[in-house]
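J.: Next come the chains, spelled out residue by residue.
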Amino acid sequence: MPSVSIAVMNASDLQTKLIEAARKEPLQDQVPYAFEKRIMARLAGMSPLNDWALWGRPLWRAAISCVVITLLCGLWSMAAAPKGENSDSFAQAFERAVFASSDQHLEDNW
Amino acid sequence: MEPTDAELIAAVIQGDAASFEPLIRKYQPRVFATARRYARRESEVEDIVQEVFIKAFQKLASFRGEAPFEHWLMRLAVRTCYDFLRAHQRNRETTFTELSQPESDWLDQFVVNPSAAEEHAEAARQLIRRILDRLSPPARLVITLLEIEERTVKEIAESTGWSVPLVKVRAFRARAEMRKILARITKEKYM
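Sequence order for the protein chains is B and R. Count the first sequence with this note's numbering and you get residues 34 to 143, in order. Count the second sequence with this note's numbering and you get residues 11 to 201, in order.
Treat the hints as calculated values from the structure; they're not laboratory data. Using N, Cα and C, we set each Cβ at its ideal position, and we do this for glycine too. Honestly, I wouldn't trust all of these hints.
[Unchecked claim] Capping the alpha-carbon separation at 16 angstroms, the derived lysine to aspartate or glutamate pairs in EDC-like fashion look like this:
hint : chain 1 : residue 1 : chain 2 : residue 2
1    : R       : LYS199    : R       : ASP115
2    : B       : LYS50     : R       : GLU113
3    : B       : LYS57     : R       : GLU128
4    : R       : LYS65     : B       : ASP46
5    : R       : LYS69     : R       : ASP26
6    : B       : LYS50     : R       : GLU159
7    : R       : LYS190    : B       : ASP46
8    : R       : LYS178    : R       : GLU168
9    : B       : LYS50     : R       : ASP15
10   : R       : LYS36     : R       : GLU80
11   : R       : LYS36     : R       : ASP15
12   : R       : LYS65     : R       : GLU52
13   : B       : LYS50     : R       : ASP118
14   : B       : LYS50     : R       : ASP26
15   : R       : LYS199    : R       : ASP93
16   : R       : LYS36     : R       : GLU12
17   : B       : LYS57     : R       : GLU80
18   : B       : LYS57     : R       : GLU159
19   : B       : LYS50     : R       : GLU160
20   : R       : LYS36     : B       : ASP62
21   : R       : LYS199    : R       : GLU128
22   : B       : LYS50     : R       : GLU168
23   : R       : LYS197    : R       : GLU113
24   : R       : LYS199    : R       : GLU108
25   : R       : LYS197    : R       : GLU108
26   : B       : LYS70     : R       : GLU61
27   : R       : LYS178    : R       : GLU198
28   : R       : LYS197    : R       : ASP118
29   : B       : LYS70     : R       : ASP57
30   : B       : LYS57     : R       : GLU160
31   : B       : LYS57     : R       : ASP57
32   : B       : LYS70     : R       : GLU128
33   : R       : LYS178    : R       : GLU160
34   : B       : LYS70     : R       : GLU31
35   : R       : LYS65     : R       : ASP93
36   : R       : LYS69     : R       : GLU80
37   : R       : LYS36     : B       : GLU69
[To be verified] Here are a few chain R residues that face chain B, going by a calculated C-beta distance under 10 angstroms:
hint : residue
38   : VAL41
39   : GLU52
40   : ILE64
Please put together the full structure from these sequences, using the hints given.
T.: This is how it looks when you write it as structure tokens:
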């Protein structure tokens, strides 16, 4: 039985040897009988896509995703917004917060 | 006189789908050989080849003719094989089942006298196939293209769509991954 040290030491050589073995493996390029006919049957009814069609598919997918995200955000903001009297006060509070700095600036000038 | 690739492609784009058949006939042996490097079962190989040619047909309009059609098609084949590896990575062997007797004998012979262990022995080929099956998809792709098919880093970058530095990083990691598997095999066998 070979010693452990020899086995571990030769791991790199073993890799080289096995890669060499893979390189020497003959190319397996045999084709099943009438395989091209099978592909042609699959292609029946299809046509090569033009540039617009090639770009169109991913763009449509992106557009649909954007619409879905927009709708979800809209629904979420509607659900999260306070209802009744509070909504008015929320709007006022929001407006105050947005214009706070400009109001301060105006007051200082007066 | 047989029509050239460019003439056949132009005919397909103009609507003559039958002109695609000579292209399939001409290039299918190369695509089959490539697919067989990544898939073992013949049904999987056929699925890959079929997908390559369907993609090629659909994207034919994007072929600009700046490089030979074969290069464009083989790029598509490599990317389809990589997609196949990624889709099937859950099925790849995660544990190394026992070495077969010929594999074990070949390893013994290698350890005692490395030069005596022949590279063209069937046991060595079987062993490397099983090791490749255990590699992660990027590692397997890069080892196959760089080490087995002996392509340059630049060629691999063009085939895969990865950048040159990324190919180098993945090659480094792939070799390390392979050495780790080999170390584990030798450890399990001799310890």
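J.: Now tell me, hint by hint, if it's right for this structure.
T.: Each hint, compared with the structure:
1. LYS199/R <-> ASP115/R: holds (11 angstroms)
2. LYS50/B <-> GLU113/R: Cα-Cα ~13 angstroms, so holds.
3. LYS57/B <-> GLU128/R: holds (11 angstroms)
4. LYS65/R <-> ASP46/B: Status violated; Cα separation ~41 angstroms.
5. LYS69/R <-> ASP26/R: With a Cα-Cα distance of about 15 angstroms, the restraint between LYS69/R and ASP26/R holds, given a limit of 16 angstroms.
6. LYS50/B <-> GLU159/R: Holds - the C-alpha atoms of GLU159/R and LYS50/B are around 15 angstroms apart, at most 16 angstroms.
7. LYS190/R <-> ASP46/B: Judged against 16 angstroms, a Cα distance of about 13 angstroms means the pair holds.
8. LYS178/R <-> GLU168/R: holds (13 angstroms)
9. LYS50/B <-> ASP15/R: Not satisfied, since the Cα-Cα distance of roughly 40 angstroms exceeds 16 angstroms.
10. LYS36/R <-> GLU80/R: Satisfied, since the Cα-Cα distance of roughly 10 angstroms is no more than 16 angstroms.
11. LYS36/R <-> ASP15/R: holds (10 angstroms)
12. LYS65/R <-> GLU52/R: The hint is violated at about 20 angstroms.
13. LYS50/B <-> ASP118/R: holds (14 angstroms)
14. LYS50/B <-> ASP26/R: violated (49 angstroms)
15. LYS199/R <-> ASP93/R: Violated - the C-alpha atoms of ASP93/R and LYS199/R are around 34 angstroms apart, more than 16 angstroms.
16. LYS36/R <-> GLU12/R: Judged against 16 angstroms, a Cα distance of about 12 angstroms means the pair holds.
17. LYS57/B <-> GLU80/R: violated (24 angstroms)
18. LYS57/B <-> GLU159/R: Between LYS57/B and GLU159/R the Cα gap is close to 10 angstroms, so the pair holds against 16 angstroms.
19. LYS50/B <-> GLU160/R: It holds: about 15 angstroms lies between the C-alpha atoms, which stays within 16 angstroms.
20. LYS36/R <-> ASP62/B: holds (12 angstroms)
21. LYS199/R <-> GLU128/R: violated (20 angstroms)
22. LYS50/B <-> GLU168/R: violated (28 angstroms)
23. LYS197/R <-> GLU113/R: With Cα atoms ~15 angstroms apart, LYS197/R and GLU113/R stay inside 16 angstroms; holds.
24. LYS199/R <-> GLU108/R: holds (9 angstroms)
25. LYS197/R <-> GLU108/R: Distance ~13 angstroms between LYS197/R and GLU108/R Cα, so the pair holds.
26. LYS70/B <-> GLU61/R: holds (14 angstroms)
27. LYS178/R <-> GLU198/R: Measuring from Cα to Cα gives roughly 30 angstroms; hence the hint is violated.
28. LYS197/R <-> ASP118/R: holds (13 angstroms)
29. LYS70/B <-> ASP57/R: holds (14 angstroms)
30. LYS57/B <-> GLU160/R: Holds: LYS57/B and GLU160/R sit about 12 angstroms apart, inside 16 angstroms.
31. LYS57/B <-> ASP57/R: violated (26 angstroms)
32. LYS70/B <-> GLU128/R: violated (41 angstroms)
33. LYS178/R <-> GLU160/R: holds (14 angstroms)
34. LYS70/B <-> GLU31/R: Holds: LYS70/B and GLU31/R sit about 8 angstroms apart, inside 16 angstroms.
35. LYS65/R <-> ASP93/R: Judged against 16 angstroms, a Cα distance of about 13 angstroms means the pair holds.
36. LYS69/R <-> GLU80/R: Holds, because 14 angstroms separates the two Cα atoms, which is no more than 16 angstroms.
37. LYS36/R <-> GLU69/B: Satisfied, since the Cα-Cα distance of roughly 10 angstroms is no more than 16 angstroms.
38. VAL41: holds (9 angstroms)
39. GLU52: Where the cut-off is 10 angstroms and the nearest Cβ of chain B is about 8 angstroms from GLU52/R, the hint holds.
40. ILE64: holds (6 angstroms)
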